[in-house]
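Enquirer: This is what each chain is made of:
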Amino acid sequence: MSIENEGKAALAALDRALAKKPERDSQAFSATTEHLCAMRDQLIAHRREGGGDQDRLERINAVISSALAGHYPLGKVPWDEIERARDALRELVQTA
Amino acid sequence: MALWDLANADWVVTMGSNMAENHPIAFRFLVEAKRRGATLVHVDPRFTRTGALCDIHAPIRSGSDIAFLGGIIRYILEGDHWFRDFALAYTNLANIIEDEYRGPDENGGVFSGFDVTEKAYSEASWQYKGKVVPSSIAEHRVQGEQSGAQSESMAEGPPPTDFTLQHPNCVYQIMKRHYASYTPEMVEAVTGCPKQTFLRICDVIVKNSGRERTGAFAYAVGWTHHSTGVQIIRAATIIQGLLGNVGRPGGGIMALRGHVSIQGSTDIPTLYNMLPTYLPQPNAFHDHGTLEKYVAAETPATGWWHNFPKYITSLLKAWYGDNATKSNEWGYQFIPKLTGDVSQLPMTLAMAHGVVKGQFILGQNPAVGSVNTLLVEQGFAKLEWMVVRDFAMNETATFWQQGSRVRRGEVRPEEIGTEVFFFPTSLAGEKAGSVTNTSRLVQWHDAVCEAPGDSRSDLWFIYHLGKRLKQLYADSTLERDRAIQALTWDYPVEGVKQEPEAEAVLREINGWTVADRKQLSSFQELKDDGSTACGGWMYTGVYPPSGNKARERKPDPPGGPGSHLGWAFAWPNNRRTLYNRASADPSGKPWSERKKMVWWDDAKGEWTGLDVPDYEKTKRPDYRPDWSKQPHGMDAIAGDRPFIMEADGHCMLFAPSGLKDGPLPTHYEPLESPVGNLLYPQQPRDPAAKIWDQPGNELHHEADPRFPYVLTTFRVTELHCGGVIGRVTPHTAELQPEAFVEIPPELAAELGIEHMGWATLSTVRGECEMRAMVTERLTPFQIGGKRVYQLGVPWVFGWEGYATGDVANVLLAISGDANTSIHTTKALTCNLRPGRRHDVHRE
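So the protein sequences, as listed, match chains W and B.
Numbering-wise, the first sequence is residues 1 to 96 according to this note's numbering.
Numbering-wise, the second sequence is residues 1 to 843 according to this note's numbering.
Calculated directly from the structure, the hints in this document are not laboratory data.
Do not rely on the hints blindly, as some may be mistaken.
[What the hints assert, rightly or not] Straight line, CA to CA, 35 Å or less: simulated DSBU-like cross-link-like pairs of lysine-lysine:
(1) W:LYS21 x B:LYS310
(2) W:LYS21 x B:LYS129
(3) B:LYS326 x B:LYS470
(4) W:LYS76 x B:LYS195
(5) B:LYS467 x B:LYS518
(6) B:LYS470 x B:LYS293
(7) B:LYS589 x B:LYS310
(8) W:LYS20 x B:LYS119
(9) B:LYS207 x B:LYS195
(10) W:LYS21 x B:LYS293
(11) B:LYS337 x W:LYS76
(12) W:LYS21 x B:LYS119
(13) B:LYS527 x B:LYS382
(14) W:LYS8 x B:LYS310
(15) B:LYS497 x B:LYS518
(16) B:LYS326 x B:LYS337
(17) W:LYS20 x B:LYS467
(18) B:LYS527 x B:LYS617
(19) B:LYS337 x W:LYS21
Bound conformation, chain B alone:
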């Protein structure tokens, strides 16, 4: 959904986000929604400015989100509050799952298919009966378990269903059983949120959903940074699918991204396991030995992703140009193949083992922002070289001089051999480029002034580094150097600084015809025969022959459609709301006049409306696949199935594929918790979560008496992102001058900690001292009959700049969500005592 569409919501639950403080521009649309009559809810351990501006604040213990959301799901199912016409038609509620499926309530706290030794799941028992359902998201595939050939079963006929919803293994019955124990009483016992507050929120949500009304969730890294982060988001997806709040005005789930253009760097990824626009990275150990095999293994038989061969071939043509020919598999062998998990966290651990020799660090400050920063610094110290680019000196660049290990006396600067190269960067206004925001909106900006001194844009750095590498390997005859020789690297440069033309990069991402270099207008023009080149299929249309649409700034007038199609470009195809076919009923009519978005125009024989329809333009609502012909791709998707990226066009309430830790969200305690799992006592943690057990990265045991408090980390408005930009600027630094820990008054009294005095936090990984902020923003929880205190610390402080303080991330462990390897920063345990650290020498 578009950010501005939040203003059309009748309720918004902000959860896992302090939106008013960390996304203040986006929060304006919640304020507008409230002005129009919407009810705003903030679910969060802390009472923040977001909570203060909402109608309801529900305090919950960090890491108990799925218990809360699961309770809402139960409330919807048990009370029959779901939007029947929507959910029965558009979700997989009626689909029948394999007989072997077992939920955690009947299988010792884990789903069927769990391999205790490997700590990994097989998805076989989660499938639609008799089918193999391919995952639509490359990042989430269970590596090596699926192949395109297996998903041929999806082209042989529709999955079995029972629309009476009586079959014991239909998704509806499975979900009813699964969430039966998530009662309001259990929600209160697990989360600490008073039952009456929880029920009030349930009531707001269900009463304001349906044909005439819609609502949205807004979340940020307060959901993702958990060992169950993906499943928390999935839980919201289920609620929205049941209530019909998907693909409709004011309905959806707003992912508030943590940094500027993080959406863009996911689309054109800096991630290790995806090629641009969500294509799977080849793997050396899968059946990916040739392009033909890779395409066969990764192309789902049905749904939109069946077009995958066009996208990968066009990507290879964009990257390798004339060096990509049919005879050399369009350059497929030039692409590196994965062997293991080379995401940032395990590679940080690998640095300490000597695997990594050097590192480029751009757009981040891991000495402050990564978890377990003492281990991070140990890894840095093993590197031969490190390149750091930032607009001001940051902690990563000076770790060898003033780092936490140096200041603790663990190591002396002269003992660290890492050679650090610091390069000053341009700031946003000093360079041209695009920002892709949380709504997939690609907005262009020009350089408005020259960067001072030797500062250069990251684009300049990467481009000229690439030029030098190509020059270095130009005469090599080694096969392994062919990839860098074959790479197209012909962006025009301008000015004295030889700045690459950023729009040339966008033109390449958009794509063109190879023969006459004509810009493409839509990804539907892409081919798998080498005649088109495209750096990211979802972005096609951002730079059509008419010019750079990301530059456009034409808002709709008051009373207009409200989709603002003339304002920049939203991928794909300038659609503002994904799956907006769901805004019409199965016959193609809007569910209501108040909530109309796209609809079927029978006279014209096409989909039309206020947004660009996210559907095949002329596919009739009454189109049905002819299963006798084994239809593939979109031919297998009926005209009343809006979710075209899924193999059967259904919203997957139950996920037969694509999740590494279960087909349904299930409450597990955080990897560190002061209490046991009240819902599944035999299984405290997510069994598939990534735990890297090595010295210095130990986890606390369940209910470890040494670490009785729950700790969450957060950011502050005044010190943007990792903090450097605000800490080196006097007028923002003075607004948040020192690191602090938020402590509830009851605990402060128990421990004898005074407001503004010193307090020291500790875990087995490390300690940090901070000023005590004794505040009623935090209240004690009753969890399973036990009083549990919650603490909160901003993680944005370091030793550089005017506003300094201990790095909070020394407290955290390196661990990963099973699906994304994202670390846990929002729920861990710690100890707290009055006073300062003992291990620091003070003058």
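Pulled out of the complex, with its shape left as it was, chain W reads as follows:
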């Protein structure tokens, strides 16, 4: 899958997770994590080939950190932060 499609799939999965809020949808978070990581790995591969976008890579890493708070929460899920991560991901996907 292309970076763009991985991003879209991650966004759709994160939307699904947020739609279930406050219930934690493990499967939706799992899918989010997998697609985000696949997206990140492709960005890393591009960087290693001498191309890619460092800023995009850093932003996707930040989204992963926040999404993991939903996937593996410490206590209650920080839904506000997850929503912010979704918005950041949407921006990333839209500006791709």
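Using the hints, position chain B against chain W.
Expert: Frame of chain W, contents of chain B only:
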């Protein structure tokens, strides 16, 4: 308590531990206690060498510990056996809890404050009425729920109390209601322990506690490795608090740690959620954006932890040296901030999702020792690289070649892309360093011989890795690389191998004055103004100007104090028994001559005694806070309150804060159980336990007929810890040559399994075959009128070495205690059948 202090006990209950086999050195002190007249009890599903050496063995079903201990609490309360002068003065028995509090018996099996959707508790209704009580343990804080500012209420006046104990919401009345149903009959029905055996143990405990007599519990991972592990330990705490067995000779709870220096690696942690010596790890989603905010949020208003700003500032100075200045918040922004649970188990699951790219594995062998090892191997296979350090080749390093998934035909080695780097390590005698044992005793050892070949110490590896990383990022101008650039990494090295000087690390942990690099003698010298640097405040004093106290080996002579203050160093401040102010009565006099430890010397105006007093040296017993001045820190702690790490100096029988699954221990069935919860039928499991539901990690349903047997895992004496060290050594391997499963004779007869024949265990996670050890060490239980069989397997076998066998941990699920995320290894369900596995191709 010190290990040797167990010899001063009048009773010792070993529970959740096979102490004689897994802690044989420490067990000598129980043998000595018995020689002096103590009664020894072993509560365990299996009759082991520990049970054989004790006066009483009480068999209980794995995972029913809180029902047993709750029954003891009820026995103490209903029979009025508690040590009134001690418990009324030193515990929160008389404190009044918020009106909204409800216990599980009156709230559908859960405590008040439970959010069914989030599967998490709010502590609001558990508080002292009108107060917010801060938790003293960073690890156990309900993240984001408390802040230091909220706990200001503790400085405004004492919590409300009723010393007549009549108030319906005082802790005493709450506990009486809570444990009312834990009758001896219920204990027998839930645990399977005969009522008469249970009552005999209760009798031993209460008759041998009080002014003249004390006793102790000793436990190991047989308590911690449950979904309710923390609460099991809390239950013992309540018993000891009620009976006055805390801070006194021969009294206490001995946590027998699972590995060498696990205590040390908790103090100077390899844990994700704590900074050294139990300081909270900052969190990106809490009010921790600046050092000022972090300190404000995490500093309790009252009690010893009010000193927290000194400890965190000194830690930052130790880590970042000249790069830590007031203008850059002493380097606070260099510290990574948490977002979620990045403890080992969820990160193992995250590996399979591709989150983690590489892993360093030091001092462990997760292909054998982690739970759900098939999932662990799946995660390993998704890594780009893995560094494994061990003294011999272990299963983690060869998972790609001979792993359980490979041998089952699920994957071929050439399909696994993980690049594995194996580094040989030194063994203990080949490197210098310290070991911190279960008694917080820091003991130094030197290298006595050279490690062979390319073997290096872990210290060498980490130090030189750090040097290379600093070199790699030296010229970076990126802000994110500042942390590694700023880190002090200046330990001297010695010899051809360039081994870092281990004592230099200990000196840094101890701390020094920044201006003249003078070693500190006590944590009371630490400051929050950047003038002191300290890598772990509790260890201050281990390396004072006079030298390395961890090296000292001067035992007390026969007839001496018995605290052995000249033998190594026990943190904090070389105290051997924590909270030893409790060994004296409220007026400062020993409870009895026989059980004296520290006392108030009125002539000198100071605390003195046989141990280093765990108290402000000159705080008079009759000191009382002046509440009109809103006292903070220790000024808010009265002179008759020994428990100085708590916000009000009381032993917390009822925990208003600090626990994520309830203020009182409550019996819940293990996450997998063949029976329902007889005490709270509507709530079988701990509702806050961490369950990560994903393919390959499913749990069995309650009383699942496919998996009717209770299974516990254990270690064996001959194969130390995870087993590699013993399995690759011929003379220990031959003592335990093959993996086995312990089966009670009655079940073996039912299933047609022969002693020494093959048997296969199964769960939804996996299967493993083992030799059948048909043994009367295990007996069938009657649980709620149903016959329940218990099995036991050692988890220490793998495919490396001379003594091999299937990895038992393929059977287990990844799950976590609500408080610590510790996995459940001691109580699950399984099936058993005669014969071997069908999924293995045999030549």
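Enquirer: Could you tell me which of the numbered hints above are not met by this structure, giving the numbers in increasing order?
Expert: 1, 4, 13, 14 and 17
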